[in-house]
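*Asks:* In the working numbering, each residue carries its 1-based index in the sequence shown increased by 8.
Keep in mind the hints are simulated off the structure, nothing from the lab. These figures come from a predicted structure and were not determined experimentally. Where is the CB? At the ideal position from N, CA and C, for every residue including glycine. Heads up, a few of these hints could be off.
Heads up, simulated DSSO-like pairs for lysine-lysine below, C-alpha to C-alpha not over 27 Å straight-line [said to hold, decoys possible]:
id: 1; residue 1: Lys135; residue 2: Lys230
id: 2; residue 1: Lys136; residue 2: Lys85
id: 3; residue 1: Lys216; residue 2: Lys237
id: 4; residue 1: Lys237; residue 2: Lys249
id: 5; residue 1: Lys85; residue 2: Lys230
id: 6; residue 1: Lys100; residue 2: Lys113
id: 7; residue 1: Lys12; residue 2: Lys111
id: 8; residue 1: Lys237; residue 2: Lys113
id: 9; residue 1: Lys100; residue 2: Lys72
id: 10; residue 1: Lys135; residue 2: Lys113
id: 11; residue 1: Lys110; residue 2: Lys12
id: 12; residue 1: Lys113; residue 2: Lys230
id: 13; residue 1: Lys12; residue 2: Lys135
id: 14; residue 1: Lys100; residue 2: Lys111
id: 15; residue 1: Lys100; residue 2: Lys249
id: 16; residue 1: Lys249; residue 2: Lys113
id: 17; residue 1: Lys111; residue 2: Lys230
id: 18; residue 1: Lys113; residue 2: Lys136
id: 19; residue 1: Lys110; residue 2: Lys135
id: 20; residue 1: Lys111; residue 2: Lys43
id: 21; residue 1: Lys237; residue 2: Lys111
id: 22; residue 1: Lys230; residue 2: Lys100
id: 23; residue 1: Lys12; residue 2: Lys136
id: 24; residue 1: Lys230; residue 2: Lys12
id: 25; residue 1: Lys72; residue 2: Lys43
id: 26; residue 1: Lys237; residue 2: Lys110
id: 27; residue 1: Lys249; residue 2: Lys110
id: 28; residue 1: Lys230; residue 2: Lys60
id: 29; residue 1: Lys60; residue 2: Lys72
id: 30; residue 1: Lys136; residue 2: Lys43
Here are the in silico distance ranges between beta carbons for each label pair [unchecked claim]:
id: 31; residue 1: Leu243; residue 2: Pro82; range: 47 to 53 Å
id: 32; residue 1: Asn239; residue 2: Asp44; range: 49 to 55 Å
id: 33; residue 1: Lys113; residue 2: Gln88; range: 25 to 31 Å
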Amino acid sequence: MSQKFAVFDIDGTLFRWQLFHELVAELGNQDLFPKDVATTVEEKFFEWRALKATWADYEREVVKAIIDNIAAIPPNKLSQCAETVVERSGHKVYNFTSDLVKKLKNDGYFLLALTGSQQEIAELFAKKHGFDDCIGSLMRRDSNGNFTSEFERFVIGNKSTILTNYCNEHGFDLNDDSYGVGDSEGDASMLELVTSPIAFNPDEGLLKLASSNNWTVVIERKNLAYVMKVNDETLSVVETKVF
Numbered sequence: 009m010s011q012k013f014a015v016f017d018i019d020g021t022l023f024r025w026q027l028f029h030e031l032v033a034e035l036g037n038q039d040l041f042p043k044d045v046a047t048t049v050e051e052k053f054f055e056w057r058a059l060k061a062t063w064a065d066y067e068r069e070v071v072k073a074i075i076d077n078i079a080a081i082p083p084n085k086l087s088q089c090a091e092t093v094v095e096r097s098g099h100k101v102y103n104f105t106s107d108l109v110k111k112l113k114n115d116g117y118f119l120l121a122l123t124g125s126q127q128e129i130a131e132l133f134a135k136k137h138g139f140d141d142c143i144g145s146l147m148r149r150d151s152n153g154n155f156t157s158e159f160e161r162f163v164i165g166n167k168s169t170i171l172t173n174y175c176n177e178h179g180f181d182l183n184d185d186s187y188g189v190g191d192s193e194g195d196a197s198m199l200e201l202v203t204s205p206i207a208f209n210p211d212e213g214l215l216k217l218a219s220s221n222n223w224t225v226v227i228e229r230k231n232l233a234y235v236m237k238v239n240d241e242t243l244s245v246v247e248t249k250v251f
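Based on the sequences and whatever the hints tell you, model everything.
*Replies:* Rendered as structure tokens:
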């Protein structure tokens, strides 16, 4: 019998913000981006906060900043920035998912973190919270070990394929009481593969899919988490957790 398995998205699911975004901000703080790039990212962030730009607009600038400039960033400097972010912010997690990670770990589950954030920061965060393995986005390196501007592994949009291949390679059975937790429509293909999918603080797209598939939906606000299921075609609270 194989070890039981659970997979978690990180950003917005366990971590209360986006590891990738915090990493880019720290790279800017350490002057590892040109000043105009750091300024553009910061300005777009404040535009989003002021409802003058969409989340997609802001995220586009963040991704562009790293892709356009990572080849000029020494890998050891990026690793140092990743360590700084996790030391400063790695404790900022949601109560429900943090408790679920601990429970499943105690129950003997193998825990995989699967995220679009950079591998260098994601694996530090995952290790801090007791995950057994972590798969994040990975930049290709040249023969000298320096970053190129191309992806070796791009996780966003590929989670179901990555998860299936990982479980086949390591002998995990996703049909055996498996768990999956995610917060965005991009996590849906991953959640479809497990027996206990949880849509946590879902975006509109994931909420619709979770409702139509009768997946568990959890909304956490302050010190409360509302666990919901579809009942007579209506999403209803079945449990309230207080932290």
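*Asks:* Against this structure, judge whether each hint is valid.
*Replies:* Hint check results:
A distance of roughly 25 Å separates the Cα atoms of Lys135 and Lys230; the hinted pair therefore holds under the 27 Å criterion. Using a Cα cut-off of 27 Å, the hinted pair Lys136 and Lys85 holds, with the two alpha carbons roughly 20 Å apart. Between Lys216 and Lys237 the alpha-carbon distance is near 12 Å, which keeps this suggested pair within the 27 Å criterion. A C-alpha spacing of about 15 Å is found between Lys237 and Lys249, which places the hinted pair at or below 27 Å, so the restraint holds.
About 35 Å separates the Cα atoms of Lys85 and Lys230, which puts this hinted pair outside 27 Å; it is violated. Note on Lys100 and Lys113: the hinted pairing holds, with a Cα-Cα distance of about 19 Å set against a maximum of 27 Å. Straight-line distance between C-alpha atoms of Lys12 and Lys111 comes to about 13 Å, which keeps the hinted pair within the 27 Å bound. Taking the CA atoms of Lys237 and Lys113, the gap is about 24 Å. The hint holds against a cut of 27 Å.
Distance restraint check for Lys100 and Lys72: the Cα-Cα separation of roughly 26 Å lies within the 27 Å cut-off, and the hinted pair is therefore satisfied. For the proposed pair Lys135 and Lys113, the alpha carbon gap of about 13 Å is at most 27 Å, so the pair holds. Of the supplied pair hints, the one linking Lys110 and Lys12 holds, its CA atoms being roughly 14 Å apart against a limit of 27 Å. In summary, the hint linking Lys113 to Lys230 is supported, as the alpha carbons are separated by about 24 Å, within the 27 Å threshold.
Distance hint between Lys12 and Lys135 is fulfilled; the C-alpha atoms sit about 19 Å from each other, no more than 27 Å. With a C-alpha separation of about 18 Å, the suggested pairing of Lys100 with Lys111 holds against the 27 Å cut-off. For a cut-off of 27 Å, the pair hint linking Lys100 to Lys249 stands: about 19 Å separates their Cα positions. Annotation: proposed proximity of Lys249 to Lys113 holds, straight-line Cα distance about 20 Å (limit 27 Å).
Taken as a hint, the Lys111 and Lys230 pair is honoured in the structure, with Cα atoms around 21 Å apart against an allowance of 27 Å. Distance hint between Lys113 and Lys136 is fulfilled; the C-alpha atoms sit about 13 Å from each other, no more than 27 Å. The suggested pairing of Lys110 with Lys135 holds, with an alpha-carbon distance near 13 Å, which does not exceed 27 Å. Taken as a hint, the Lys111 and Lys43 pair is broken in the structure, with Cα atoms around 45 Å apart against an allowance of 27 Å.
As the CA atoms of Lys237 and Lys111 are separated by approximately 21 Å, the hinted pair is consistent with the 27 Å bound. Restraint check for Lys230 and Lys100: the C-alpha separation of about 13 Å stays at or below 27 Å, so the hint holds. Restraint check for Lys12 and Lys136: the C-alpha separation of about 21 Å stays at or below 27 Å, so the hint holds. For the given pair, Lys230 sits about 31 Å from Lys12 by alpha-carbon distance, which is inconsistent with the 27 Å threshold.
Among the hinted pairs, Lys72 with Lys43 is consistent with the structure: their alpha-carbon atoms are about 14 Å apart, no more than 27 Å. Note on Lys237 and Lys110: the hinted pairing holds, with a Cα-Cα distance of about 23 Å set against a maximum of 27 Å. Proximity of Lys249 to Lys110 is assessed by CA-CA distance (about 16 Å); at most 27 Å being required, the pair is judged to hold. The suggested pairing of Lys230 with Lys60 holds, with an alpha-carbon distance near 26 Å, which does not exceed 27 Å.
A threshold of 27 Å between alpha carbons decides the hint, and for Lys60 with Lys72 the separation of about 19 Å falls inside it, so the pair holds. Annotation: proposed proximity of Lys136 to Lys43 is violated, straight-line Cα distance about 32 Å (limit 27 Å). For the pair Leu243 and Pro82, the beta carbons lie near 49 Å from each other, so the given range of 47 to 53 Å is met. Distance hint check: the CB atoms of Asn239 and Asp44 are about 53 Å apart, consistent with the given range 49 to 55 Å.
The hinted range of 25 to 31 Å is satisfied by Lys113 and Gln88, whose Cβ atoms lie roughly 29 Å apart.
In the structure shown, a violation is registered for the earlier hints numbered 5, 20, 24, 30, in ascending order.
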